[in-house]
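**Student:** Protein chains in written order, with my numbering: chain A, 1 to 484; chain B, 1001 to 1095; chain C, 2001 to 2486.
Read the hints as simulated data drawn from the structure, not as lab findings. Source: prediction; values computed, not measured. Here a beta-carbon is modelled for each residue, glycine too, at the ideal position from N, C-alpha and C. Treat the hints with care, since some could be wrong.
Covered stretches of chain A (in silico footprint by chain C; criterion: 3 or more residues with CB under 8 Å from a CB of chain C, positions within the stretch not fixed) [what the hints assert, rightly or not]:
id, stretch
1, 38-47
2, 85-91
3, 275-283
As a list, the in silico SDA-like pairs of lysine to any residue whose alpha-carbon atoms are at most 25 Å apart [stated by the list, open to error]:
id, chain 1, residue 1, chain 2, residue 2
4, C, K2373, B, D1039
5, A, K79, C, K2373
6, C, K2373, B, A1036
7, C, K2411, B, H1026
8, C, K2373, A, K130
9, C, K2262, B, Q1040
10, A, K130, B, Q1040
11, C, K2412, B, D1039
12, A, K79, C, T2337
13, A, K79, B, A1006
14, C, K2412, B, A1064
15, C, K2373, B, A1006
16, A, K130, C, P2099
17, C, K2262, C, V2242
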Amino acid sequence: MQWETVIGLEVHVQLATRSKIFSGASTAFGAEPNSQACAVDLGMPGVLPVLNEAAVAMAVQFGLGIHAEIPEVSVFDRKNYFYPDLPKGYQTSQMYHPIVGPGEVEITLDDGSTKAIRVHHAHLEEDAGKSLHEDFHGMTGIDLNRAGTPLLEIVSEPDMRSAKEAAAYLKAIHSIVTYLGISDGNMAEGSMRCDVNVSVRPKGQEAFGTRAEIKNVNSFRFVERAIAFEVERQIELLEDGGEVVQETRLFDPERDETRSMRTKEQANDYRYFPCPDLLPVVLDRAYVDHLRDNLPELPADKRARFQEALGLSAYDAGVLSASRDMAEFFEAVKDVCGDAKLAANWVQGELSGALNREGLPIQDSPVSAQQLGELVARVKDETINGKAAKQVFQALWNGEGESADAVIEAKGLKQVTDTGAIEAMIDQVIADSPAQVAQYRDAEPDKRGKMIGYFVGQVMKASRGTANPQQVNALLKEKLDALC
Amino acid sequence: MALEHADVLRAAHLARLGLNDDEAAHYLDDLGRILAMVDQLQTLDTEGVAPLAHPLETTQRLRADEVTEPDQRETFQRCAPAVEQGLYLVPRVVE
Amino acid sequence: MHDKTLTELAASLAAGEFSSRELTESLLARIERLDGEINSFITVTPEQALAAADAADAARARGEAGPLTGLPLALKDIFCTTGVKTSAGSRMLDNFVAPYDATVVEKLNAAGTVSLGKTNMDEFAMGSSNENSFFGPVKNPWDGAAVPGGSSGGSAAAVAAGLVPATMGTDTGGSIRQPAAFCGITGLKPTYGRVSRYGIIAYASSLDQAGPMARTAEDCAHLLGAIAGHDLRDSTSVARGVPDYTAELDAPLAGLKIGLPKEYFGEGLDPEVESAVREAIRVYESLGATVREVSLPHTHFAIPAYYVIAPAEASSNLARYDGVRFGHRCEAPTDLTDLYLRSRAEGFGEEVKRRILMGTHTLSEGFFDAYYKKAQQVRRLIRQDFLDAFDEVDVLMGPASPTPAFDLGAKKDPVSMYLQDIYTIAINLAGIPGISVPAGFAGGRPVGLQILGTHFAEARLLNVAHQFQQATGWHLRRPALAEESL
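Full structure from sequences and hints, please.
**Tutor:** Dropping the structure here:
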């Protein structure tokens, strides 16, 4: 039987606020345990939550970024359950009236085609603390620093049909939230976490199969692997005449498998009800409009502009718009050098190669966009040739010079375009290479083209790489042919 | 709506309240009578009436995103039953 | 000194008749001598009180005294106080010392008042008799066999016994007004949102409100002015200016339109209570007020609605008491579930458990719409009843409770206890202010007249109550116990 995979994602994004969603405690990562858990985060008796304006603004920005409806009123509810990392015995969330309504995220597939994935809604909620299972005399330690960190939970429709689509969706969300600057998107630190709902159904069948929810899949790679395993497991189960159980499963990246989380004796009943300590959040139109007007250009728009206005290929536009840092760097290089295609080539070629080798993110590049832009400008105006440009880049990368011009000057890499000077070098090379000149002369005219390479190499060497290769070529041909 | 023994046990479980059998029977009796009183609500037609969550229908005020709370771990943990290395201790949590 | 009102004491302190230290010492001695029997205090804090009194005296000497500087009072043990145990009347918090002050406490401290300690209460403010306290019941100073009312029973009894001129209470369904009525003192529940709830241990967040309990409306006016106002730490506190609540106290009542809700004079009302209240209404007529009957048609749905909403909120508010970060923790828990089950079973008393179970049940799957949503719809209808009535009249009047204080142990059945609050509970659902003032006696026990106003009409209520106290002497009556001087 042919099976079709159906996937929906719930992505939890930690918002990059300074303070927590309902308290003035810091959200900074990596502090001493419980040093950033204030009375409100600890659920101490009598203390009360007050909503953080930045968390609201960020949620709305996300909503605008996915062209979602922004309802005028949203309401916080309490989700009641006991767990040691949940200090109040409830999580403040939004069950019935989320801050962001239905929207859409465009994903790009490997073949360059795009697909729209619908977002059901996105809501604000507070993160829980962490349980540390190291052994404290058989006890578990609870760190509540993370408790109260604002989360935006983005719930997709079950619109994805493959692990690759799911990964592409996750990347698209990552790119939107980092573009907006509403999250650092750091999956290793848990700033973005993902629950995956997976089911399979016979191809052509309308009704969804029973789904399993895979919790806490926390990297792009794991999403693909967890789905791949889960799909295989479900298909095998069904083909063997079994049934998929609706349950929560955990992905184990070490064994590359998902496994059932022990189902607690009774199903959870979260007893959602409106939080009486918080009032309805009402967003007036002017506020939303203000946020909309100040929204940065988002990846999909940027990609389109790179293609249409800058004439880049779909591939280049996709790569250069994938992250805000990359796009900003590219645009800065382009603005300095005035040539989008050259800038694109350099950012994706020499720069990306060097960054990859060193494992550096583009924002930590030793060569600044200004420096690279000036370097590309010198290539464009033919001050230096391509070979010299690579030398200049390497020098800038190594910190041997403030600017491309300074390096060119210091290393004498300025391209020689003076015909007289080039001719003098050519004459010298011809004089020094009687055997090669003889071979050239004796060769069939249509073979001579290849043989000219030797002379070009010698001339370039004599010029220490600074001679204009096109000029060298043309002049050499002229002079050698004259000898024939 | 009639209340059953299982409802009391279920509520006690959700609320993590330890009850012995006698207590469960006692609360079943009490809650049954309270619910009978509460059930008067069902005689009232509330079709089309919007639920009222707060007596004053005002809206949420937002606070500026500023870190205002310093580290007070030691103070807060003074009233904690069990802490070690700054962590609150609970019996081993099995995932 | 113990027989003076707060306002009189303020005048005496200002006139230098005695110092705050002398006053504080005298009241601490009274507490020491009399409270063993009444049990109105959970914690007395002589050291802190004397230090605060000395600071107040020093401020006065520097010419920096405000109107409340050096005045003694006590706080219901539900207001968090730095360095002093805050138990909420529960074993769960018997060991809890808050690292912060409630906003009300902060404001009272800033005003220079002197707290003598923390008063007894029904556990987590759940009760109408103060019998649900882990620290034992409180006796009504008028009659040792009677309850003082609840949940702010200790606060009311302490004032009635002359142990302290004023206390702070909280009122979720009548917890200021009913004990004030039972103990023959004046108690004001302000509009929901008028006083910050920050640092007040929550029972039912959409109903809880703090307010003053004292001998007179004038005393309450001074205190409300000190504690009211917007608090950035409480999202439900209202950003609205605080008027001088004493400014209108003397305004004449001619033309005042009083409404008598007919539902508040029906079946179950003790005839002596009714006649005391009717007599009080006649006093108002003599002051120039007009009286008419009005209807609050959904009155009888208030208790059912309350016993859905309040326990539901409480079941969630009290989930934080899990034996992990503060409060009672059972001995040697075997696993996490055992930690929860036993810590909570041991820490909470019977009424608290009853309401937690009730609230958990009504919020659970399959019941939510029938109970919680329905109760919230009814809540809107109840509030509308009041808003409609206030289109017609300025204030509503009636009894604060259908009976005078009942005997300790008399109400064993929770439902009969709940029904006691028939005249007070709807006020919290609607969020409007209400005040109970002494208006006579029934069977030798005090009767309270309840006066209700529309949202933020506290100044009007205090004016109406004060004028009654200018015309009558009920609020000056003292139980024999309080007549005793040292």
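**Student:** All hints, please: hold or fail.
**Tutor:** Against the structure, the hints:
1. 38-47: holds (count 7)
2. 85-91: holds (count 4)
3. 275-283: Contact hint for the stretch 275-283 of chain A vs chain C: holds, 4 residues under 8 Å.
4. C/K2373 x B/D1039: holds, 13 Å
5. A/K79 x C/K2373: holds, 16 Å
6. C/K2373 x B/A1036: holds, 17 Å
7. C/K2411 x B/H1026: Given pair C/K2411, B/H1026 holds - Cα atoms ~16 Å apart, limit 25 Å.
8. C/K2373 x A/K130: violated, 34 Å
9. C/K2262 x B/Q1040: Measuring from Cα to Cα gives roughly 20 Å; hence the hint holds.
10. A/K130 x B/Q1040: violated, 45 Å
11. C/K2412 x B/D1039: holds, 21 Å
12. A/K79 x C/T2337: Cα-Cα ~19 Å, so holds.
13. A/K79 x B/A1006: holds, 22 Å
14. C/K2412 x B/A1064: Between C/K2412 and B/A1064 the Cα gap is close to 50 Å, so the pair fails against 25 Å, i.e. violated.
15. C/K2373 x B/A1006: Holds, at about 23 Å.
16. A/K130 x C/P2099: Given pair A/K130, C/P2099 holds - Cα atoms ~24 Å apart, limit 25 Å.
17. C/K2262 x C/V2242: Violated, at roughly 33 Å.
In terms of the numbered hints stated before, the structure departs from hints 8, 10, 14 and 17, listed from lowest to highest.
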